[in-house]
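**Q** Here's the letter readout for the chains.
There are 2 protein chains.
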Amino acid sequence: MSNSSHHVPAIVIGRLPLYLRALTQLSSEGRRVTSSQELSEKLGFSSAQIRKDLSYFGEFGKQGTGYEIEYLEKSLREILQVHHLWDMVLVGAGDLGHALANYDGFESRGFRIVAVFDANPSKIGKQMAEWQVQPMEELDKTLRERNVNVAIIAVPAGAAQAVADELVEGGVRALLNYAPTTLSVPPKVKVYHIDPVAGLQSMTYYL
Amino acid sequence: MSNSSHHVPAIVIGRLPLYLRALTQLSSEGRRVTSSQELSEKLGFSSAQIRKDLSYFGEFGKQGTGYEIEYLEKSLREILQVHHLWDMVLVGAGDLGHALANYDGFESRGFRIVAVFDANPSKIGKQMAEWQVQPMEELDKTLRERNVNVAIIAVPAGAAQAVADELVEGGVRALLNYAPTTLSVPPKVKVYHIDPVAGLQSMTYYL
Chain A
1 MSNSSHHVPA
11 IVIGRLPLYL
21 RALTQLSSEG
31 RRVTSSQELS
41 EKLGFSSAQI
51 RKDLSYFGEF
61 GKQGTGYEIE
71 YLEKSLREIL
81 QVHHLWDMVL
91 VGAGDLGHAL
101 ANYDGFESRG
111 FRIVAVFDAN
121 PSKIGKQMAE
131 WQVQPMEELD
141 KTLRERNVNV
151 AIIAVPAGAA
161 QAVADELVEG
171 GVRALLNYAP
181 TTLSVPPKVK
191 VYHIDPVAGL
201 QSMTYYL
Chain B
1 MSNSSHHVPA
11 IVIGRLPLYL
21 RALTQLSSEG
31 RRVTSSQELS
41 EKLGFSSAQI
51 RKDLSYFGEF
61 GKQGTGYEIE
71 YLEKSLREIL
81 QVHHLWDMVL
91 VGAGDLGHAL
101 ANYDGFESRG
111 FRIVAVFDAN
121 PSKIGKQMAE
131 WQVQPMEELD
141 KTLRERNVNV
151 AIIAVPAGAA
161 QAVADELVEG
171 GVRALLNYAP
181 TTLSVPPKVK
191 VYHIDPVAGL
201 QSMTYYL
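Protein chains in written order, with the working numbering: chain A, 1 to 207; chain B, 1 to 207.
Calculated directly from the structure, the hints in this document are not laboratory data.
No experiment lies behind these values; they were computed from the predicted model shown.
Incorrect hints may appear among the rest.
Listed next, the in silico DSS-like pairs over lysine-lysine satisfying Cα-Cα at most 30 Å (straight line) [what the hints assert, rightly or not]:
1) B:Lys52 / A:Lys188
2) A:Lys123 / B:Lys123
3) A:Lys52 / B:Lys42
4) B:Lys52 / B:Lys74
5) B:Lys123 / A:Lys126
6) B:Lys52 / A:Lys52
7) B:Lys126 / A:Lys123
8) A:Lys126 / A:Lys141
9) A:Lys42 / A:Lys52
10) B:Lys141 / B:Lys123
11) B:Lys141 / B:Lys188
12) A:Lys123 / A:Lys141
13) A:Lys42 / B:Lys52
14) B:Lys42 / A:Lys126
15) A:Lys188 / A:Lys52
16) B:Lys42 / B:Lys62
17) A:Lys188 / A:Lys74
18) A:Lys141 / A:Lys188
19) A:Lys52 / B:Lys188
20) A:Lys42 / A:Lys62
21) A:Lys42 / B:Lys123
22) B:Lys52 / B:Lys188
23) B:Lys123 / A:Lys188
If you want the ones that stay clear, here's a sample from chain B, every Cβ over 12 Å from chain A, calculated [said to hold, decoys possible]:
24) Ala22
25) Gln37
26) Gly61
27) Gly66
28) Pro121
29) Glu130
30) Gln134
31) Asp140
32) Arg144
33) Arg146
34) Glu166
35) Lys188
All C-beta atoms, glycine included, are put in the ideal place defined by N, C-alpha and C.
Isolated chain A (complex conformation) (with noise of 0.2 Å):
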């Protein structure tokens, strides 16, 4: 097993954000240390499972002591790269993008909405929480001039591939797709799928 980053399968990197979370929560509940077995606990991976996530990284935890909450935190956030904010657009105007602009959960990890597109004329010009929502003409220009990675398609399945074709071009580089679509993009992209039936799905499992 490397310990390099480069080779951390993406299994193990998609639950970092989990454990990050927890870390979180913990935190603002006051507390200063865990152990492999509360977040186990909280999130249902075993205690081995995390320990091992976590050892790709570096030696985060002491045997006894566990692990310092605020350090793990930080060096989550570093590994994420959500030490800093990614400025993103939501593509989509509708009653999902509505939802998603008055999300107040972005900007404490990691991200900011910086515009809201949307291809429908009666939407254009209407104000969306703090955003104005524009033509979807103006959107390579922004994200030109403002150098956006990331996008959220909140757009119906028949138009999110267009829609994830134009953010692709115009340099985006990660897309939370909620359409219930699979999207076609380059191997150098990202694509992050919402599906809430999948959820839905891995529960009915156990009923």
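Given the coordinates of chain A, assemble chain B onto it according to the supplied hints.
**A** Frame of chain A, contents of chain B only:
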């Protein structure tokens, strides 16, 4: 490694819906056979991982001929228990609730919203997609009469735990949680947390 379905790690169960989604897409494209290599390219897990995951549940593929899509799809639906429809309540009739009520990907994949609830008097009685929003006072009755096991929580963070408690009290055993907060539930209850920031953070690692 046990072959008993009682000992399948949760992490494996969590990947089955993604396999199912990919198979359904292939089958909608008229395909009949696939391979762990092709699924690997579509999903980003290694083909060895995919073969190992599926081997928990039987012998689905043959060396050299791959997987029969229709058979594997049907088997995964049965394993995940989504070969029949689960009745589901939606709590929260805000922007996100609206988006979920209009989401048309539930029924084809095993779920059906049967009622929508909100605590806000200004929302109660309003039509939302095909449902009339009901007051929270009606929740328990609906859960018991229809024997509902699955619910979606789309309320603000501050209200989510109380809603979860009511749902669990009424017999719900699987919660899809959109509220940006961790929920405490009894061990028999499953929670799947839709966390857009965790998705974003799992991508910024690579940027």
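**Q** Next step is simple, just say for each hint if it's right about the structure.
**A** Hints, one by one, checked against the model:
Under the criterion of a C-alpha separation no larger than 30 Å, the hint pairing lysine 52 of chain B with lysine 188 of chain A is consistent with the structure, at around 27 Å. With a C-alpha separation of about 23 Å, the suggested pairing of lysine 123 of chain A with lysine 123 of chain B holds against the 30 Å cut-off. Proposed proximity of lysine 52 of chain A and lysine 42 of chain B is supported: the alpha carbons are some 27 Å apart, at most 30 Å. With a C-alpha separation of about 19 Å, the suggested pairing of lysine 52 of chain B with lysine 74 of chain B holds against the 30 Å cut-off.
For the suggested pair lysine 123 of chain B and lysine 126 of chain A, the alpha carbons sit about 23 Å apart, so the restraint of at most 30 Å is met. Distance hint between lysine 52 of chain B and lysine 52 of chain A is fulfilled; the C-alpha atoms sit about 20 Å from each other, no more than 30 Å. Restraint check for lysine 126 of chain B and lysine 123 of chain A: satisfied, since their Cα atoms lie roughly 23 Å apart, inside the 30 Å limit. At most 30 Å may separate the alpha-carbon atoms for a hinted pair to count; lysine 126 of chain A and lysine 141 of chain A meet this at roughly 20 Å.
Under the criterion of a C-alpha separation no larger than 30 Å, the hint pairing lysine 42 of chain A with lysine 52 of chain A is consistent with the structure, at around 17 Å. Taking the CA atoms of lysine 141 of chain B and lysine 123 of chain B, the gap is near 19 Å; set against the 30 Å cutoff, the hint holds. Restraint check for lysine 141 of chain B and lysine 188 of chain B: satisfied, since their Cα atoms lie roughly 21 Å apart, inside the 30 Å limit. Taking the CA atoms of lysine 123 of chain A and lysine 141 of chain A, the gap is near 19 Å; set against the 30 Å cutoff, the hint holds.
Restraint check: the Cα-Cα separation between lysine 42 of chain A and lysine 52 of chain B comes to about 27 Å, which is no more than 30 Å; the hinted pair holds. Among the hinted pairs, lysine 42 of chain B with lysine 126 of chain A is inconsistent with the structure: their alpha-carbon atoms are about 38 Å apart, more than 30 Å. For the suggested pair lysine 188 of chain A and lysine 52 of chain A, the alpha carbons sit about 27 Å apart, so the restraint of at most 30 Å is met. Taken as a hint, the lysine 42 of chain B and lysine 62 of chain B pair is honoured in the structure, with Cα atoms around 20 Å apart against an allowance of 30 Å.
For the given pair, lysine 188 of chain A sits about 27 Å from lysine 74 of chain A by alpha-carbon distance, which is consistent with the 30 Å threshold. Annotation: proposed proximity of lysine 141 of chain A to lysine 188 of chain A holds, straight-line Cα distance about 21 Å (limit 30 Å). Distance restraint check for lysine 52 of chain A and lysine 188 of chain B: the Cα-Cα separation of roughly 27 Å lies within the 30 Å cut-off, and the hinted pair is therefore satisfied. Between lysine 42 of chain A and lysine 62 of chain A, the direct Cα distance comes to roughly 20 Å. Compliance with the 30 Å bound is thereby established for this hinted pair.
Of the pairs offered as hints, the one joining lysine 42 of chain A and lysine 123 of chain B is violated, with about 34 Å between alpha carbons and a cut-off of 30 Å exceeded. Between the alpha carbons of lysine 52 of chain B and lysine 188 of chain B the distance comes to roughly 27 Å, so the proposed pair stays at or under 30 Å and holds. Proximity of lysine 123 of chain B to lysine 188 of chain A is assessed by CA-CA distance (about 44 Å); at most 30 Å being required, the pair is judged violated. Separation of alanine 22 of chain B from chain A is inadequate, the least Cβ-Cβ distance of about 8 Å not exceeding the 12 Å criterion.
Glutamine 37 of chain B, annotated as away from the interface, keeps every beta carbon of chain A farther than 12 Å; the closest lies near 16 Å. Glycine 61 of chain B, annotated as away from the interface, keeps every beta carbon of chain A farther than 12 Å; the closest lies near 21 Å. Consistency note on glycine 66 of chain B: stated as away from chain A, and its beta-carbon is indeed over 12 Å from all of that chain's, at 20 Å minimum. No Cβ of chain A approaches the Cβ of proline 121 of chain B within 12 Å, the least distance being about 20 Å, so the stated non-interface status holds.
Residue-level check passed: glutamate 130 of chain B sits 15 Å from the nearest beta carbon of chain A, beyond 12 Å. Even its closest Cβ contact with chain A, about 19 Å, leaves glutamine 134 of chain B beyond 12 Å, as expected for a residue assigned away from the interface. Every Cβ of chain A is farther than 12 Å from the Cβ of aspartate 140 of chain B; the closest lies at roughly 20 Å, confirming the non-interface assignment. With a minimum CB-CB distance of about 17 Å to chain A, arginine 144 of chain B clears the 12 Å threshold, and the non-interface call stands.
The beta carbon of arginine 146 of chain B is kept farther than 12 Å from every beta carbon of chain A, the shortest such distance being approximately 15 Å. Every C-beta of chain A lies more than 12 Å from that of glutamate 166 of chain B, the closest at about 18 Å, which supports listing it as non-interface. Residue placement check: lysine 188 of chain B does not keep its beta carbon more than 12 Å from all beta carbons of chain A (closest about 9 Å).
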